[in-house]
Amino acid sequence: MNRSSLSKRVAGIIYGVVHNAVRVLTGILVLLVGAFVFLRLYGVPDSALQLIINRVNAEGIPIHVESLSLTLRGWLAEGVSYYSRHPDDLAPLFEADEVLFARRRELESADSKGWKLDFEARNIRFTPSVEWGVKLPEACTWRRVDHARLTMTMLPDRVEFSDAEMSWLGVDFLVEGVLLKKTPEHVVPGSRGTRPPKAGKEDRQPQETVLPVYVGPEEFQALENRLKQLEINGDARVELRFSVDMNNYADSTLEAAAQAEAVAIRKVGFDRVAVDFAYAYPELKLEQLSVVRNAQELNLAAEYDLGSGLIQGQVNNSITSSRLLLLAPQVVLDVLVKAQLQFDELPAFSLRAGPCRPEELPNHLAGSFSVRDLTYSGLLIESARGNIERTNGFLELSELYAHVQGQEDRAEEFNSCMQGGAATGRVFWDANRATFGVEAEGSLDPNLLIDPLSIVPIATNVIDRFYFPTELPQISLKLGSCYTNWSTFYIDISGVGHEVGFHEALLSTANVSAFYTNSVLTLDPIAAMDGVDFIKGEAEINFREDRVYFDAFGSIHPELVEDAVWPYHNIFGHYLKTSGDTAVKARGTVDWGSMEQTDFIAEVEAEGLEIPVAKMDRLKATVIGSGPMITVTNAVCDLYGGSGDGSFALTLMPGSTNLPFFTRFRMNGVDVRQLQQSMGRPVRDRTMGRLTGQMTLASDLTAPFLEHADGGGSISIEDGELADLPVFTAFSNIMRKVMPGFNFFSITHLKCDFVFQHGLVKTDDAVFQGDLFSATASGLYSSTDGYDANVRVNVFNNKGLSKVIRVITSPISKLFEMHLSGTLDEPVWRLKNFTTSPDGSDDDSG
Numbered sequence: 061m062n063r064s065s066l067s068k069r070v071a072g073i074i075y076g077v078v079h080n081a082v083r084v085l086t087g088i089l090v091l092l093v094g095a096f097v098f099l100r101l102y103g104v105p106d107s108a109l110q111l112i113i114n115r116v117n118a119e120g121i122p123i124h125v126e127s128l129s130l131t132l133r134g135w136l137a138e139g140v141s142y143y144s145r146h147p148d149d150l151a152p153l154f155e156a157d158e159v160l161f162a163r164r165r166e167l168e169s170a171d172s173k174g175w176k177l178d179f180e181a182r183n184i185r186f187t188p189s190v191e192w193g194v195k196l197p198e199a200c201t202w203r204r205v206d207h208a209r210l211t212m213t214m215l216p217d218r219v220e221f222s223d224a225e226m227s228w229l230g231v232d233f234l235v236e237g238v239l240l241k242k243t244p245e246h247v248v249p250g251s252r253g254t255r256p257p258k259a260g261k262e263d264r265q266p267q268e269t270v271l272p273v274y275v276g277p278e279e280f281q282a283l284e285n286r287l288k289q290l291e292i293n294g295d296a297r298v299e300l301r302f303s304v305d306m307n308n309y310a311d312s313t314l315e316a317a318a319q320a321e322a323v324a325i326r327k328v329g330f331d332r333v334a335v336d337f338a339y340a341y342p343e344l345k346l347e348q349l350s351v352v353r354n355a356q357e358l359n360l361a362a363e364y365d366l367g368s369g370l371i372q373g374q375v376n377n378s379i380t381s382s383r384l385l386l387l388a389p390q391v392v393l394d395v396l397v398k399a400q401l402q403f404d405e406l407p408a409f410s411l412r413a414g415p416c417r418p419e420e421l422p423n424h425l426a427g428s429f430s431v432r433d434l435t436y437s438g439l440l441i442e443s444a445r446g447n448i449e450r451t452n453g454f455l456e457l458s459e460l461y462a463h464v465q466g467q468e469d470r471a472e473e474f475n476s477c478m479q480g481g482a483a484t485g486r487v488f489w490d491a492n493r494a495t496f497g498v499e500a501e502g503s504l505d506p507n508l509l510i511d512p513l514s515i516v517p518i519a520t521n522v523i524d525r526f527y528f529p530t531e532l533p534q535i536s537l538k539l540g541s542c543y544t545n546w547s548t549f550y551i552d553i554s555g556v557g558h559e560v561g562f563h564e565a566l567l568s569t570a571n572v573s574a575f576y577t578n579s580v581l582t583l584d585p586i587a588a589m590d591g592v593d594f595i596k597g598e599a600e601i602n603f604r605e606d607r608v609y610f611d612a613f614g615s616i617h618p619e620l621v622e623d624a625v626w627p628y629h630n631i632f633g634h635y636l637k638t639s640g641d642t643a644v645k646a647r648g649t650v651d652w653g654s655m656e657q658t659d660f661i662a663e664v665e666a667e668g669l670e671i672p673v674a675k676m677d678r679l680k681a682t683v684i685g686s687g688p689m690i691t692v693t694n695a696v697c698d699l700y701g702g703s704g705d706g707s708f709a710l711t712l713m714p715g716s717t718n719l720p721f722f723t724r725f726r727m728n729g730v731d732v733r734q735l736q737q738s739m740g741r742p743v744r745d746r747t748m749g750r751l752t753g754q755m756t757l758a759s760d761l762t763a764p765f766l767e768h769a770d771g772g773g774s775i776s777i778e779d780g781e782l783a784d785l786p787v788f789t790a791f792s793n794i795m796r797k798v799m800p801g802f803n804f805f806s807i808t809h810l811k812c813d814f815v816f817q818h819g820l821v822k823t824d825d826a827v828f829q830g831d832l833f834s835a836t837a838s839g840l841y842s843s844t845d846g847y848d849a850n851v852r853v854n855v856f857n858n859k860g861l862s863k864v865i866r867v868i869t870s871p872i873s874k875l876f877e878m879h880l881s882g883t884l885d886e887p888v889w890r891l892k893n894f895t896t897s898p899d900g901s902d903d904d905s906g
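Read in order, the letters of the sequence shown are residues 61 to 906 in the numbering used here.
The set of hints was computed from the structure by calculation and includes no laboratory data.
Possibly wrong hints are sitting among the right ones.
Label-pair restraints from in silico Cβ distances [what the hints assert, rightly or not]:
(1) Tyr635 x Asp404: 50 to 60 Å
(2) Leu566 x Ala388: 45 to 55 Å
(3) Ser738 x Val815: 43 to 53 Å
(4) Trp228 x Arg163: 22 to 32 Å
(5) Thr131 x Phe302: 42 to 52 Å
(6) Arg301 x Pro415: 49 to 59 Å
(7) Val397 x Ile123: 32 to 42 Å
(8) Val392 x Glu198: 11 to 21 Å
(9) Tyr635 x Glu442: 39 to 49 Å
(10) Val397 x Arg204: 11 to 21 Å
(11) Asp552 x Gly687: 32 to 42 Å
Taking lysine-lysine and the DSS-like style, the derived pairs with C-alpha atoms no more than 27 Å apart in a straight line are [unchecked claim]:
(12) Lys195 x Lys242
(13) Lys675 x Lys811
(14) Lys327 x Lys242
(15) Lys398 x Lys195
(16) Lys680 x Lys645
(17) Lys538 x Lys596
(18) Lys637 x Lys538
(19) Lys822 x Lys811
(20) Lys176 x Lys195
(21) Lys288 x Lys327
(22) Lys675 x Lys538
(23) Lys892 x Lys822
(24) Lys242 x Lys288
(25) Lys398 x Lys345
(26) Lys675 x Lys637
(27) Lys327 x Lys398
(28) Lys645 x Lys538
(29) Lys538 x Lys398
(30) Lys596 x Lys637
(31) Lys288 x Lys398
(32) Lys345 x Lys288
Using N, Cα and C, we set each Cβ at its ideal position, and we do this for glycine too.
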């Protein structure tokens with residue numbers, strides 16, 4: 061056989077083979093295209109589909125598919141449902157109207173093989189397993205996902221999820237994870253799933269099949285309603301990494317990271333919100349919750365141990381916008397309103413909490429804070445900072461510093477400067493014992509605290525006694541109480557100040573330490589200066605028993621001492637007024653409640669003392685209090701150029717508005733001219749005389765003394781010139797007109813005994829006389845009706861030859877009988893035996 065024929069024969073064989081191969085391939089292609097068309101149009105036959113599902117179920121994947129068809133991108137399954145292997149899960153965990161999947165390649169290893177599939181799904185619905193401890197309401201939007209895709213690697217022992225993406229609730233999700241299948245020892249043949257077998261006590265291992273906290277439909281609905289208040293106006297992204305062990309859910313892990321831009325919660329906007337979360341039994345971690353607003357940030361981190369049930373965390377905040385209060389629960393806002401707290405800026409703080417059980421978290425806090433523009437009951441705290449710690453119901457704010465704004469516009473209201481200042485201190489609140497306490501030192505006007513301390517009247521009453529018109533005092537303060545029993549309130553305060561006002565007085569310097577508890581206020585020491593005047597000592601005021609004990613000395617005016625130890629009376633400064641240098645040394649007890657326990661003694665010296673009926677100089681006296689009787693003994697004084705001595709007793713009865721008194725007083729050498737001037741009446745140059753007398757008087761300080769006066773006395777004036785005194789001026793004019801030859805008329809002597817009776821001053825033996833005459837008078841005087849007295853004048857006096865002439869001329873003297881009427885300021889004299897006066901008028905007055 062030649063070469064050419066051989067070649068032809070080989071070519072023919074090759075042609076035949078190729079030709080038949082082409083025909084076979086064409087047939088196969090036609091069959092494939094037909095199968096594709098068939099599978100695309102009609103899908104996998106039900107019998108074949110059931111065989112496939114059974115095989116997949118046998119691999120440990122409980123899934124059901126209503127129909128399966130082939131597309132250019134892969135297989136399209138419709139009506140896909142994925143079930144839990146737990147016997148109590150009746151509804152599918154996962155449902156989708158369409159699932160597009162493609163088997164990329166088969167994975168093989170030494171001991172296993174599996175499939176790697178790409179999935180896309182739409183109109184997804186899911187139902188949480190009972191083992192997850194979450195039950196979603198049927199209408200919950202969280203159960204639906206519009207579109208998702210992932211790559212799933214199915215191995216005999218696990219299912220791996222990668223490159224998963226979905227858009228859910230307007231948030232983009234990226235998911236990676238592993239689902240570990242149940243091992244054969246956990247599966248009963250012929251069942252869709254069983255509970256793990258029970259172990260004996262000796263080999264029982266801790267297993268968790270349900271999350272520790274069950275979330276029911278009502279709780280989840282409430283959570284969903286709250287989250288509806290969340291608005292995301294920018295990009296939002298969530299990344300999830302998980303590992304679910306179906307043999308033991310306690311071994312499952314979860315990592316989540318979320319971030320959103322332009323977020324609003326209850327219309328409160330934030331620039332960015334980020335959350336990092338992780339779960340690996342027994343730890344549940346919030347690794348970070350970060351909220352950013354206007355370059356300020358709130359960071360929160362927390363850990364919860366599911367095994368021990370303990371939680372701990374830390375939060376740092378630099379966001380100061382008060383709009384965040386809109387996010388606070390209503391109960392918190394109600395507390396702020398009740399406490400009269402108002403924030404212009406929220407506090408910046410750093411707090412640590414736990415470890416403790418969640419319900420005990422508020423009782424295990426520690427950290428620091430700072431705040432600006434905090435208003436409490438009208439008091440504006442411009443800035444404050446300090447440390448905070450709460451343990452087992454004990455709350456302590458330590459290392460506090462606060463700067464308080466002044467209220468100078470209210471200075472006139474409080475008669476104080478109302479300037480702000482700074483203070484440092486400590487505050488504690490013990491919920492177990494229902495007690496609180498405050499310790500502070502600083503410099504500010506205490507009157508700023510009157511409104512904030514209005515719940516504690518004793519504190520405000522003490523503060524209200526003082527005012528500071530120009531300078532701030534230095535104050536050290538401690539106070540506290542059991543807030544269920546305010547009788548336990550105590551206050552310990554000491555202060556040093558310059559230009560300190562106390563009631564009506566302004567002290568140049570004051571140094572006072574006061575302690576109040578159980579209704580007793582102790583002032584020890586007391587040191588105050590008013591120019592060169594001072595007072596030093598101590599006092600104890602018992603408000604429950606209305607009693608005060610004092611031991612003090614100094615030169616401060618008595619009205620200031622009375623204000624401090626005798627709050628219900630104002631005798632000094634009202635009825636008794638001191639002036640000039642004053643010295644007081646007093647010790648004892650005043651019982652202003654009943655006066656029965658009053659027992660004190662005081663030595664008093666005053667440069668001047670004014671009482672309702674006289675003004676004395678250089679007074680020295682001893683004051684003794686015994687029961688309701690206050691007695692002034694051994695009193696000596698200078699009196700209008702003369703001297704005086706005597707005693708004074710005042711009765712103080714609680715509840716009575718009267719102040720009855722009794723006095724016995726003697727005068728010697730009183731200058732009539734000075735006495736007249738002290739009464740505010742004009743004095744002629746030639747008026748003079750020296751008055752001596754004594755008086756016993758009982759009356760009442762609260763009314764003009766004559767209205768209740770009882771008693772009596774006597775006076776005499778020798779070697780005087782009294783004719784021009786207002787009471788005698790008219791009488792002298794009449795005498796000069798009746799006897800024109802006597803151009804100079806004088807009254808040189810006066811003597812009188814008198815009695816006080818029912819508002820009247822009576823006398824029966826008043827005698828006054830001059831060089832050439834004498835007169836006797838009897839009658840009375842009242843403050844309402846004035847004088848009503850008869851005066852008989854003898855032309856000559858009762859001395860020497862004049863006495864003989866007086867007897868001879870006695871019938872003529874009867875012609876000069878006179879009547880005195882009118883008031884003290886306008887006396888009226890009349891000749892009783894003449895119808896007209898010598899100047900031809902009907903009025904006999906001068």
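Verification of the hints:
| no. | hint | in the structure |
| --- | --- | --- |
| 1 | Tyr635 x Asp404: 50 to 60 Å | 52 Å, holds |
| 2 | Leu566 x Ala388: 45 to 55 Å | 48 Å, holds |
| 3 | Ser738 x Val815: 43 to 53 Å | 24 Å, violated |
| 4 | Trp228 x Arg163: 22 to 32 Å | 27 Å, holds |
| 5 | Thr131 x Phe302: 42 to 52 Å | 30 Å, violated |
| 6 | Arg301 x Pro415: 49 to 59 Å | 27 Å, violated |
| 7 | Val397 x Ile123: 32 to 42 Å | 58 Å, violated |
| 8 | Val392 x Glu198: 11 to 21 Å | 34 Å, violated |
| 9 | Tyr635 x Glu442: 39 to 49 Å | 48 Å, holds |
| 10 | Val397 x Arg204: 11 to 21 Å | 42 Å, violated |
| 11 | Asp552 x Gly687: 32 to 42 Å | 34 Å, holds |
| 12 | Lys195 x Lys242 | 23 Å, holds |
| 13 | Lys675 x Lys811 | 23 Å, holds |
| 14 | Lys327 x Lys242 | 47 Å, violated |
| 15 | Lys398 x Lys195 | 39 Å, violated |
| 16 | Lys680 x Lys645 | 12 Å, holds |
| 17 | Lys538 x Lys596 | 23 Å, holds |
| 18 | Lys637 x Lys538 | 38 Å, violated |
| 19 | Lys822 x Lys811 | 14 Å, holds |
| 20 | Lys176 x Lys195 | 32 Å, violated |
| 21 | Lys288 x Lys327 | 11 Å, holds |
| 22 | Lys675 x Lys538 | 47 Å, violated |
| 23 | Lys892 x Lys822 | 21 Å, holds |
| 24 | Lys242 x Lys288 | 38 Å, violated |
| 25 | Lys398 x Lys345 | 36 Å, violated |
| 26 | Lys675 x Lys637 | 9 Å, holds |
| 27 | Lys327 x Lys398 | 25 Å, holds |
| 28 | Lys645 x Lys538 | 31 Å, violated |
| 29 | Lys538 x Lys398 | 24 Å, holds |
| 30 | Lys596 x Lys637 | 22 Å, holds |
| 31 | Lys288 x Lys398 | 30 Å, violated |
| 32 | Lys345 x Lys288 | 25 Å, holds |
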